[in-house]
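From first to last, the protein sequence lines are chains D and L.
All residue numbers for the first sequence refer to our numbering, where the first residue is 1 and numbers rise by one.
All residue numbers for the second sequence refer to our numbering, where the first residue is 1 and numbers rise by one.
Each hint should be verified, as a subset may be incorrect.
Said to hold, decoys possible - The following label-pair restraints were derived from C-beta to C-beta distances:
| hint | chain 1 | residue 1 | chain 2 | residue 2 | range |
| --- | --- | --- | --- | --- | --- |
| 1 | L | D52 | D | D212 | 54 to 60 Å |
| 2 | L | S216 | D | A205 | 38 to 44 Å |
| 3 | D | T120 | L | Q158 | 49 to 55 Å |
Stated by the list, open to error - Covered by chain L, according to a simulated footprint, are these stretches of chain D (three or more residues, beta-carbon under 8 Å):
| hint | segment |
| --- | --- |
| 4 | 150-164 |
| 5 | 168-175 |
| 6 | 192-199 |
Calculated from the structure, these hints are not laboratory results.
Using N, Cα and C, we set each Cβ at its ideal position, and we do this for glycine too.
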Amino acid sequence: MRNNMKRFYPLVFFVLASCTSTLNDAWEETKTATRSMTRQGLAYLGLLDEESRIVQTSQEIYQMAEEEFIPLKDQDLSSQYMDESYPQAKENSTTTAKRGSVGQEQFSKPSSTLATIFTTVYFNTDEHVLSQKEYYQTINRIASYMKKNPHVYLSVEGHCDQRASEAYNLALGTRRAQFVRSLLIKAGVGKDQIHTVSYGKERPASKGNTKDSLTKNRRVEFKIFQQRS
Amino acid sequence: MFLKCKLLAVLFCSALFGLEKSSPIIVPLETVKSLPSLYFSETMGNGQIKPDYKETLLEILQEDIQQSYHFDLVMGKLDMEPLVSVPLQKQVKELSAFKSDFILLPKIEQKKFILKLYESRFHTSTVVGEFPIKEKLDVDRLAMHQLFDALHQKIFQQSGIASSKILFCKKTADIDGEWISDIYEIQQDGSFLKKISTSQNYLITPIMIPKTKTGSDYEYLFVSYEKGQPKIFKGHSKHNQSIPLLPMRGNQLLPALSPLGDKIAFICDASGKTDLFLQQFHPSKGAIGKPIQLFSKPNSTQASPSFSPCGSKIAFVSDKDGSPKIYILEIIDAIRLQKTPPVRLLSANHKESTCPCWSLDGKKIAFCAMSEGYRQIWVLDLEKKIEMPITSGPIDKENPSWAPDSIHLVYNTTGQESQIYTIDIVKQKPVKLTEGDGISHFPSWEQR
Chain D
1 MRNNMKRFYP LVFFVLASCT STLNDAWEET KTATRSMTRQ GLAYLGLLDE
51 ESRIVQTSQE IYQMAEEEFI PLKDQDLSSQ YMDESYPQAK ENSTTTAKRG
101 SVGQEQFSKP SSTLATIFTT VYFNTDEHVL SQKEYYQTIN RIASYMKKNP
151 HVYLSVEGHC DQRASEAYNL ALGTRRAQFV RSLLIKAGVG KDQIHTVSYG
201 KERPASKGNT KDSLTKNRRV EFKIFQQRS
Chain L
1 MFLKCKLLAV LFCSALFGLE KSSPIIVPLE TVKSLPSLYF SETMGNGQIK
51 PDYKETLLEI LQEDIQQSYH FDLVMGKLDM EPLVSVPLQK QVKELSAFKS
101 DFILLPKIEQ KKFILKLYES RFHTSTVVGE FPIKEKLDVD RLAMHQLFDA
151 LHQKIFQQSG IASSKILFCK KTADIDGEWI SDIYEIQQDG SFLKKISTSQ
201 NYLITPIMIP KTKTGSDYEY LFVSYEKGQP KIFKGHSKHN QSIPLLPMRG
251 NQLLPALSPL GDKIAFICDA SGKTDLFLQQ FHPSKGAIGK PIQLFSKPNS
301 TQASPSFSPC GSKIAFVSDK DGSPKIYILE IIDAIRLQKT PPVRLLSANH
351 KESTCPCWSL DGKKIAFCAM SEGYRQIWVL DLEKKIEMPI TSGPIDKENP
401 SWAPDSIHLV YNTTGQESQI YTIDIVKQKP VKLTEGDGIS HFPSWEQR
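Excised from the complex, chain L in its bound form (with noise of 0.2 Å):
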């Protein structure tokens, strides 16, 4: 009763003295970005080269703006180039009316391709880059998507992935019929394939360091098992050196770096069980101090290590409860208590669950686990805590490995054969990037 009284006491006074005025309005406000628009002109001249190869040239640019994901496209057969060209005052008169974000402006003179971007929002024109066409598909689509990711660099400050690469490693059997396994890499649209190590030798799992300089240059961490037991090294493409990166004994396996490069995570049996360590890493230093144990635990296997992007959490597969499955675990619990930490599971949903990748925005996890018979390809958003199936159909997949857009995947196949196949979790649909003999697997897509 009293209770009551009170309450309806300062109903009374606030409206009394107006508080309820001073109380702030709560406006929902649109939490999900549009794409910003862009206006791709396909309106130009063919220069020196032949109408159907210029085509193809637009093709490509399209194909890569379409495939980022990032822009709301829109082609158009208007010829903008005299609109961005007038004077400033006539060109906003001019523009005004034309919604687009962005307008871009492909361009050949002569044998030269030349980009040109116009930003509504400043009315203002830049080139993007340029090159010059050889006329030879291969060399001309790789520089179109060096120029795709400049443009997508332009706009939001992040280079795009046209032109990335994606390291693997194929097995093939030698003239005497032993094994040897050796190191690839290969555009992400499956041109320019090309072997980077020449050890002879059983080489496996290698994800590439991101680049400290500008350069087609880069070096790029392996397991070797050229001292009889596996090794993580470091090697470099072109250089034809490679060196061991941990004097620790045992099988050093599974290594992953951190998105920043600072640290490596990998599997080692050095104290008799097969536990998680965690290294400090410089990419130009290497190994900086002794790696420190993160996880161990009794009768268990960990495996398949994956840092979150800030590297202060790690995904890791572990057996500890029966069956394989992904657990998380805080780095910093584990060094400051200096004790096995607490774990999170993260799915319960799979009898098994292995191979975790983090996306690089880190609202996903990507991993393996069966469905209807077969292993398949999972994306787990940890937003919405909803997994799903990317992949389908009869035959066994593995090792996911995201794209810096988060949005792009690379995986293995297994079984009847191995070959390495890319996916986009919008459309889903598979697009195979090697043939023929032997085991191609343990794909990595290039951190940027």
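In isolation and in its complexed conformation, chain D is listed as follows (with noise of 0.2 Å):
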């Protein structure tokens, strides 16, 4: 019965937000209203995101970040950091050094051969976490390549479209590479092969308005860069 209520909350909302908003302003509340709630939701039933629910140990988490900054020592640190959280990979000491001090302009899109297993995937509005499962698909491609091939280095470029501000949008694109990241990381590739960039929506991968154009850019990108023996 509380359920079947809590069905009606969007409809609810919508109709509460319409008394004192134009139609367009009451449908995004209700759409934000809805997304955060359905979050929550499934939070609280233990179901979001599954591919992302990679939760760090206490340790693992104070031992990287007692290094480079004084963190943030919340009670319910574990469930702070259970979403796509794995710490980005040690500069100096791992990816870095290993792969020669490389800048990003040695990184480059994958040849011929490997443009198939390398694909570009994108992503809905305002999300970072991928909804198809051609794309879940695809990261299980690239990381069976890495796998075996642990001297290619990996870099995860997050995109956005142009509706959300230059800001914001720097900022999104790391939670949208992050997130490709972890599956990868989680997938078995060596977290010190993989390295994000976000561009936010410096770098369209299509001009205009259009919904494809918007589609094409809220992508996530890889490079790579092949160290030699």
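Take the two lone chains, each set in its own frame, and fit them into one complex as the hints suggest.
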């Protein structure tokens, strides 16, 4: 009975919001409220983004953090770090050193033979979680290749469409890239083989404001660097 | 009944012993301070300068005075020089009928512009400054702006903004079609556009570090993609070298400097989440100690920090409750508790609000929000709790940054054209600073 009632929350919210705003505003508010309630509901039931539920141990988080920054010590630390939170690779001792301090310019788009493996994945509006099954297959393909080729390093580039502000998109791009990185690590790729870069909406794949253009820009692209053995 | 009797007894006693006479008399005082009046004496010789050019110079000075919104300006043809040059006793007598707080006495001697100021209160006249007239408009305009800023400093103990600079970045495609982004500086009036970075890399979000020494050189913070991941660097306007600020993993983005220049807030995903961080900073020593994680929430993105004037609070963007909105946190709460602190939602009136920028007077926060289908610059008056759009029109605007006077703002347009504009919150008339190809964005006004 209580669950049935919950289904009507968005409708009730829509009706209440309609009283004070334009129809468009009310619809946007309702979408936001629905998304928030869905997230909270799924989190409560333990079903939130199954692929991204990567719980770090407190020890691991603190060890990494205390070297470089003073972390928050919330009591619910494990729940804080329950989403797509694999700490970034440490630069001096891992990725950078191993790949010989290469700059981003030495990472390049995969050659034509590898292009079928490292295909771009796309996101829904304002989402950082992949929704389509084919993209998870892409991640699995990339993970298999990376595991077989430990001398290959991957740059995961997060991009956004042009609707949100430039500054917010720079931050949102980090989350998209982090999500894909966490999937790859979970699939067995070495943490130090992958780093993320956020470009926000700085480098659109498609200009214009059509739905198709916007979809093409909400993406994660892959660039690789192969260390000479 | 008992209470009523007690009240009557108190009133009777107070009337009897005259207690009411000793209670304070409250006189409401005028709380809105009127602007000081400034008489601008236009009567002056031409020296060796053409009359038209002299008029142009005076117009520049007059414009600076008007745009500052700090004076009640009265233009006049009275030659005040003889009056302020006479002995003090006669001066007081002659000028007592003259109601202006200040009298401005510009003068051209041969090819030199001299600005004198007479202060009615003290009956003193002093030379504010002077400059040699080069008869090159850009050069003389800048010299006049500097002279006005000196005048502002003399009267208000705070420099004007007429000669202040704005930093921004400009994105262009190189010969191979690859995007590069450089940092430029420009005077607030749109003159002296100059590229200050030469890295042929991808540099964004420049902010000027408040100067500790006089002179035209300065240092600035920016984000560079030179090392692959975006990192915060410190650069110098003259020396072509930049140094990374923080030895911290991950994407370091959107740095904001406190007005006192002692703290930096930034966004970083070192922990695997897009969190808000704080770093102690010294303009010459750089980062001091380790960064402090200030705000982190599951499934949320933090962005665009901006300090309050005293540096104790930060306004920032978070989508922790759904869509991106602006929140305010007390830094001390996060540091003292070492816990994600409680935050206050700034405004619930917009479904999305981003890019907060706190004014130096602490009374206003500029931000971006949608209005009639386009992203516009809004200003929230923190005292009156009123918010209103400052810009309008069918083009998106972003990244507002306050001038030190807390009246002017700089921002950029996005979409069909990305250019830099300034606007003041009184007249709300935008002034375009940049032209041409490329995408000019992330402007930041010099803090003084």
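Verification of the supplied hints:
no.	hint	in the structure
1	D52(L) / D212(D): 54 to 60 Å	holds (57 Å)
2	S216(L) / A205(D): 38 to 44 Å	holds (41 Å)
3	T120(D) / Q158(L): 49 to 55 Å	holds (52 Å)
4	150-164	holds (count 3)
5	168-175	holds (count 6)
6	192-199	holds (count 4)
Of the numbered hints stated above, none is contradicted by the structure.
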